[in-house]
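There are 2 protein chains.
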Amino acid sequence: MKILTVDEIREVLPSLDLMPAIEEGFRAYSEGRAVIPPVGELLLDKGEVHLKYGFIRGEEFYVIKIASGFYGNPALGLPSGNGCLLLFKQETGEAAAILLDEGLLTNVRTAVAGAVAAKYCAPKDVQRIGIVGAGTQARLQLEWLAKAMVTPCRDVLVWGLNAEEVERYRRDMEPLGFTVKTTLDASDVLEACNLVVTATPSHTPLLRAEDLRPGTHITAVGSDTPDKQELDSAILAKAGLVVADSIPQCRLRGEIHKALESGHIEESRCIELGAIIAGKAKGRTSESQITVVDLTGVAVQDLAIASAVFRKLRDRSTIS
Amino acid sequence: MKILTVDEIREVLPSLDLMPAIEEGFRAYSEGRAVIPPVGELLLDKGEVHLKYGFIRGEEFYVIKIASGFYGNPALGLPSGNGCLLLFKQETGEAAAILLDEGLLTNVRTAVAGAVAAKYCAPKDVQRIGIVGAGTQARLQLEWLAKAMVTPCRDVLVWGLNAEEVERYRRDMEPLGFTVKTTLDASDVLEACNLVVTATPSHTPLLRAEDLRPGTHITAVGSDTPDKQELDSAILAKAGLVVADSIPQCRLRGEIHKALESGHIEESRCIELGAIIAGKAKGRTSESQITVVDLTGVAVQDLAIASAVFRKLRDRSTIS
Numbered sequence: 001m002k003i004l005t006v007d008e009i010r011e012v013l014p015s016l017d018l019m020p021a022i023e024e025g026f027r028a029y030s031e032g033r034a035v036i037p038p039v040g041e042l043l044l045d046k047g048e049v050h051l052k053y054g055f056i057r058g059e060e061f062y063v064i065k066i067a068s069g070f071y072g073n074p075a076l077g078l079p080s081g082n083g084c085l086l087l088f089k090q091e092t093g094e095a096a097a098i099l100l101d102e103g104l105l106t107n108v109r110t111a112v113a114g115a116v117a118a119k120y121c122a123p124k125d126v127q128r129i130g131i132v133g134a135g136t137q138a139r140l141q142l143e144w145l146a147k148a149m150v151t152p153c154r155d156v157l158v159w160g161l162n163a164e165e166v167e168r169y170r171r172d173m174e175p176l177g178f179t180v181k182t183t184l185d186a187s188d189v190l191e192a193c194n195l196v197v198t199a200t201p202s203h204t205p206l207l208r209a210e211d212l213r214p215g216t217h218i219t220a221v222g223s224d225t226p227d228k229q230e231l232d233s234a235i236l237a238k239a240g241l242v243v244a245d246s247i248p249q250c251r252l253r254g255e256i257h258k259a260l261e262s263g264h265i266e267e268s269r270c271i272e273l274g275a276i277i278a279g280k281a282k283g284r285t286s287e288s289q290i291t292v293v294d295l296t297g298v299a300v301q302d303l304a305i306a307s308a309v310f311r312k313l314r315d316r317s318t319i320s
Numbered sequence: 001m002k003i004l005t006v007d008e009i010r011e012v013l014p015s016l017d018l019m020p021a022i023e024e025g026f027r028a029y030s031e032g033r034a035v036i037p038p039v040g041e042l043l044l045d046k047g048e049v050h051l052k053y054g055f056i057r058g059e060e061f062y063v064i065k066i067a068s069g070f071y072g073n074p075a076l077g078l079p080s081g082n083g084c085l086l087l088f089k090q091e092t093g094e095a096a097a098i099l100l101d102e103g104l105l106t107n108v109r110t111a112v113a114g115a116v117a118a119k120y121c122a123p124k125d126v127q128r129i130g131i132v133g134a135g136t137q138a139r140l141q142l143e144w145l146a147k148a149m150v151t152p153c154r155d156v157l158v159w160g161l162n163a164e165e166v167e168r169y170r171r172d173m174e175p176l177g178f179t180v181k182t183t184l185d186a187s188d189v190l191e192a193c194n195l196v197v198t199a200t201p202s203h204t205p206l207l208r209a210e211d212l213r214p215g216t217h218i219t220a221v222g223s224d225t226p227d228k229q230e231l232d233s234a235i236l237a238k239a240g241l242v243v244a245d246s247i248p249q250c251r252l253r254g255e256i257h258k259a260l261e262s263g264h265i266e267e268s269r270c271i272e273l274g275a276i277i278a279g280k281a282k283g284r285t286s287e288s289q290i291t292v293v294d295l296t297g298v299a300v301q302d303l304a305i306a307s308a309v310f311r312k313l314r315d316r317s318t319i320s
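Chains A and B, in that order, give the protein sequences. The first sequence begins at 1 in this note's numbering and counts up one residue at a time. The second sequence begins at 1 in this note's numbering and counts up one residue at a time.
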C-alpha cells in the first residue's frame with residue numbers, strides 16, 4: 001500500500017483536471033454505474049465521523065473515505081476536520097493507497113462540485129456572488145467558481161458570524177482577484193446576489209424565502225447530515241429546479257431531506273446533478289428561474305479525486 | 001498517524017493477553033457501553049468488502065476495520081483476505097494508527113472469540129474436538145482452544161473438502177500437540193465430537209440436526225453474511241442455549257439469521273455472549289445441554305485487538 005502524505009497530495013492537485021473528473025463521477029452515479037451504499041456514521045461525544053464508500057463498475061478502484069468533524073478541536077489548536085481516503089483494487093481487494101489528506105480532498109472535491117452545480121444551474125449574468133459562511137469551504141467555493149470559469153463575475157458579498165471573520169475572508173480573497181463586501185445580515189445576500197453558495201455547519205436556516213428574488217441560484221453545501229440546515233425549506237418550494245447530488249442520500253440528509261420532511265416539496269420534483277451533466281435532464285431553463293442544488297457529498301466524488309491524485313503520482317513514477 | 005506493518009503486529013501478538021481483552025469487548029457491547037453501527041458492505045464482481053466500526057464510550061479510540069474476501073485471489077497467487085484497521089482518538093478524531101494487518105488481526109480476534117465461546121458454553125468433559133473446515137481459521141480455532149486452556153482435550157477430528165486439505169491440516173497441527181484424525185464425511189464430526197467449531201465459507205449446511213447428540217457444543221464461525229450457512233437450522237431449534245455475539249447483527253447475518261428466517265427459532269430465545277461473560281445470563285447449565293454460539297464478528301473485537309496491539313507498541317516506545 002502506498003502512503004500519500006498531505007504534502008504530496010497538495011503538490012499534485014494543481015496539475016489535475018478535476019472538473020471533468022467530478023462531472024464524470026456524478027454522471028456515472030446518476031446513470032446507475034456506481035455502487036454507493038448509505039453513508040456510515042459514528043456519533044461521538046465530541047464529534048462525528050462519516051464513512052463514504054463505493055465504486056464505479058468496471059473502474060480500477062473502490063474508495064473508502066473516513067472524514068470527521070470535531071468542532072471543539074480549534075480550541076485545542078487542532079483542525080476540526082480530519083480523515084483519510086483509501087483506494088483498493090476492484091479486481092483483488094488489494095490496498096493500492098492510503099491518502100492521508102487531513103480533509104483536504106474532501107474540501108476540494110466539495111468545492112469542485114459547487115463549481116459544477118453553478119456551471120449547469122447558475123444564471124448567465126451573475127450580478128454578484130453571495131457566499132454564506134467565511135470558513136475554509138467558503139473560500140474554496142469562491143476560488144473554484146473563478147478557477148472553473150463558471151462566471152466572469154468577481155464581485156462578492158460574504159456573510160459571516162462576526163466582523164473579524166468576514167474581514168479576514170475579505171483580506172484573504174481580494175488578493176485572488178475578487179472585490180469583497182461583507183455583511184452580518186444574511187438577508188443582504190439574497191437581496192444583492194443571484195449566485196449564492198451556503199457553506200456553514202448551521203442547524204437553523206440562514207436564508208429566508210421572503211428575500212429570494214427571481215433568477216437566483218443557490219448551491220447549498222453545508223448540510224450533510226439529517227439535522228443541519230442552511231435554507232428555509234420554503235426556498236426549495238419556490239424553486240423551479242431542485243437538484244440533488246444523490247437523491248437516495250438527499251432523502252436522508254441535507255436541505256432536500258428537510259424540505260421533504262416538512263412537506264415543502266415532493267421527491268418527484270428533484271433531479272440529480274449527474275442527470276443534468278449527462279444531458280438526460282435540463283439544468284436552468286430561463287434567466288428568471290430559481291434554482292437550488294443540494295450537495296451532501298457523494299462517495300463518487302471521493303473516488304474521482306483520490307483516483308486522479310493516485311494516478312498522477314503513479315504516472316510520474318514517484319510511486320509505483 | 002503511526003503505520004504498523006504486519007511484521008510488527010505479528011511480533012507483538014504473543015505478548016498480548018487477548019482473552020480478557022476480547023471478553024471485555026463483548027461485555028461492554030452487551031452492557032450497552034459500545035456504539036456499533038450495522039456492518040457496511042460493498043459487493044463487487046470478484047469479492048466482498050465489510051466495514052466494521054465503532055467504539056466503547058469513555059475509551060481512548062474508535063476503530064474502523066476494512067476486511068475483504070476475494071475468493072479468486074489464490075488462483076492469482078494472492079491471499080483471499082485483505083484489509084486494515086484504523087484507530088482514531090475519541091477526543092479529537094485524530095488518526096492514531098493504521099494497522100496494515102493483511103487480515104491477521106481479524107483471523108486472531110475471531111479465533112479468540114471461539115475460545116471465549118467454548119470457555120462459557122462447551123461441556124467440561126470434551127471427548128474430542130471437531131473442526132469443520134481445514135483452512136487458516138480452522139487452524140487458529142484449534143490453536144486458541146489449547147492456548148486459552150479451554151479444555152485439556154487434544155484429540156481432534158477434522159473435516160475438509162478433500163484428502164489433501166485435511167492431510168495438510170493434520171501434518172500442520174500434530175506438531176502443536178494435537179492428535180488429529182481426518183474425515184471427508186461431516187456427519188462423522190457430530191458423531192465423534194462434543195466440542196465442534198465450524199469455520200468454512202459454506203453457503204449450504206454442513207452439519208445435520210439428525211447427527212446431533214446431547215451435550216454437544218457448536219461454535220459457528222464461518223457465516224458472517226446473510227447468505228452463508230454451515231448449520232442446519234434445526235440444530236439451533238434443538239439447542240437448549242443459542243448464543244449470539246451480537247443480537248442485532250445476528251438478526252441480519254449468520255446462523256441465527258437463517259434460523260430466524262426459516263422460523264426454526266425465535267429471537268427471544270437468543271442471548272448474547274457478553275451477557276454470559278458479565279454474569280447476567282447463564283452459559284451451559286448441564287453436561288447434556290446442546291449449545292450453539294453464532295459468531296458473526298463484532299467491531300468491539302476489532303477495537304479490542306487493535307487497541308491492545310497499538311498500546312503495547314506504544315508502551316515499548318517503538319512508537320510514540
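Careful: at least some of the hints might be erroneous.
No copy is singled out in the list; a pair is fine if it fits within one copy or between any two copies.
In the EDC-like style, the derived pairs of lysine to aspartate or glutamate whose C-alpha atoms are separated by at most 16 angstroms in a straight line are [said to hold, decoys possible]:
id: 1; residue 1: 228; residue 2: 261
id: 2; residue 1: 2; residue 2: 267
id: 3; residue 1: 147; residue 2: 91
id: 4; residue 1: 124; residue 2: 287
FYI, nobody ran anything at the bench for these hints, they're computed from the structure.
Verification of the hints:
1. 228 <-> 261: The answer is within: 13 angstroms in one copy meets 16 angstroms, while 38 angstroms across copies does not.
2. 2 <-> 267: neither (42 angstroms within a copy, 45 angstroms between copies)
3. 147 <-> 91: Neither: 36 angstroms inside a copy, 37 angstroms across copies.
4. 124 <-> 287: within (7 angstroms within a copy, 81 angstroms between copies)
Going down the numbered hints, you'll see the structure goes against 2 and 3, while the others check out.
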